[in-house]
Amino acid sequence: MTAPPSSRALAIVLGLTLVGCGSSQPDPVAIPVSAPSRPQTPRNTPPPVTSIAQLMLDLGIDERVSLPEDMAPMTNPERKAVLEFFDSFARGDETALGSMLTRVDNDELDELVASGAWTDATSKISGIDVQTGTSPINGEPCALAVFYVDGGFQPQLWYYTVDRDGAEFDAVAAPPDLMDRLYGDNWIAAWFEILDEEMAMADKPDEEFIVAQREVGDDTPRARSSSRGPAANPTGPSTPSDPSRPTAPGGPGRRPKKSKRAAPGKG
1 MTAPPSSRAL AIVLGLTLVG CGSSQPDPVA IPVSAPSRPQ TPRNTPPPVT SIAQLMLDLG
61 IDERVSLPED MAPMTNPERK AVLEFFDSFA RGDETALGSM LTRVDNDELD ELVASGAWTD
121 ATSKISGIDV QTGTSPINGE PCALAVFYVD GGFQPQLWYY TVDRDGAEFD AVAAPPDLMD
181 RLYGDNWIAA WFEILDEEMA MADKPDEEFI VAQREVGDDT PRARSSSRGP AANPTGPSTP
241 SDPSRPTAPG GPGRRPKKSK RAAPGKG
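FYI, the working numbering numbers position 164 of the sequence shown as 164, with every residue one higher than the one before it.
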C-alpha cells in the first residue's frame, strides 16, 4: 500500500485520488482551507499618545508647568512642543524659547534679555497653567497659559505649528483687562469671545466707546474706555507686564475662574 501523504501534502494536493492495493476509492471531498486571518486594524484610528505625566518625566519638564490631559494636544509631537515651550519660560531659558518664536517675537525677546527684564520676570514665576485647543476663527491650534508671577496672574495666547522642521509659536494680542474677564473651563473659547466683543466695540462710533460697567459687588457703574481694542500697542516696546507680547509674566490680575491652582502664597 502506498503510504498516505502527510496532512501538509493533503492540504496542497486536495482532489488527487488515493489508490491502494489496486482498488479504486471514491473521490475525496475537497475541504476548503482558509488563509490565516490577519488582525483587523480599525480605520481612522489616531496613533496612541503618551500621557502628559510621562512626557513631563521623559523630557524633564519643570513641575511648575501644568497641562491637564483633557486640555492637551492629540499628538505626541504637539504635546512635546507645548511642554517644552512653556518649560523654557519656567526655566528662564531664552535660547530654547527663541528657537520656537516667530522672528518678530524673537527680536523683542532679544531686547528683553538685553535689558534684564526677561530674567527679572521669569525668576518670579511660581506656576504656569496651560490649555490647548483650536481657534474658532480659523481652526488653527493654539495654547493659552496663565502665568503666576510675584502674586499676580498674567494670561497669554499663542498660535502654534508643529512639523518636521520643529515648532513655532506666534503670540496673539490680548484684549485689555483679560485676566478679570476669563470665565468657565475653556479659557481659549472665552478668550476669543472677549476678543469678538472688543472688535465689535472698536467698530462702533467714537461716542459709543464710553460704556457703563458695574463692578462686581458694587451698585455704582463706572465708565470704561474701550478705545484700546484688542490690538492696542501690538508692536510697541515689550515689558514683562505688557499682555500683548510673548513675555507674559509680570502683569497683575485675579486668579482665573475654575483654575485648580491656588493663588500664590495661599495653600
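Hints listed in this document are in silico derivations from the structure and should not be mistaken for laboratory results.
Here a beta-carbon is modelled for each residue, glycine too, at the ideal position from N, C-alpha and C.
Any given hint could be a false lead.
Claimed, not checked - Simulated DEER-style distance windows between Cβ atoms:
#1 T50 <-> A200: 29 to 35 Å
#2 G98 <-> S126: 19 to 25 Å
#3 D163 <-> L59: 16 to 22 Å
#4 Y183 <-> T50: 38 to 44 Å
#5 T95 <-> I137: 19 to 25 Å
#6 Y183 <-> G60: 40 to 46 Å
#7 D203 <-> N138: 27 to 33 Å
#8 K204 <-> T45: 33 to 39 Å
#9 N44 <-> N186: 36 to 42 Å
#10 D93 <-> S51: 21 to 27 Å
#11 E63 <-> E197: 19 to 25 Å
#12 R164 <-> D203: 19 to 25 Å
Status of the hints after comparison with the structure:
1. T50 <-> A200: 29 to 35 Å: The hint (29 to 35 Å, Cβ to Cβ) is violated, given that T50 and A200 are roughly 41 Å apart.
2. G98 <-> S126: 19 to 25 Å: holds, 23 Å
3. D163 <-> L59: 16 to 22 Å: Given a distance of about 19 Å, which is inside 16 to 22 Å, the answer is holds.
4. Y183 <-> T50: 38 to 44 Å: violated, 31 Å
5. T95 <-> I137: 19 to 25 Å: violated, 32 Å
6. Y183 <-> G60: 40 to 46 Å: violated, 34 Å
7. D203 <-> N138: 27 to 33 Å: violated, 20 Å
8. K204 <-> T45: 33 to 39 Å: violated, 49 Å
9. N44 <-> N186: 36 to 42 Å: violated, 26 Å
10. D93 <-> S51: 21 to 27 Å: Given range 21 to 27 Å: holds, Cβ gap about 24 Å.
11. E63 <-> E197: 19 to 25 Å: The hint (19 to 25 Å, Cβ to Cβ) is violated, given that E63 and E197 are roughly 36 Å apart.
12. R164 <-> D203: 19 to 25 Å: Because 41 Å falls outside the window, the suggested range is violated.
When held up to the earlier numbered hints, the structure conflicts with 1, 4, 5, 6, 7, 8, 9, 11, 12 and fits the remainder.
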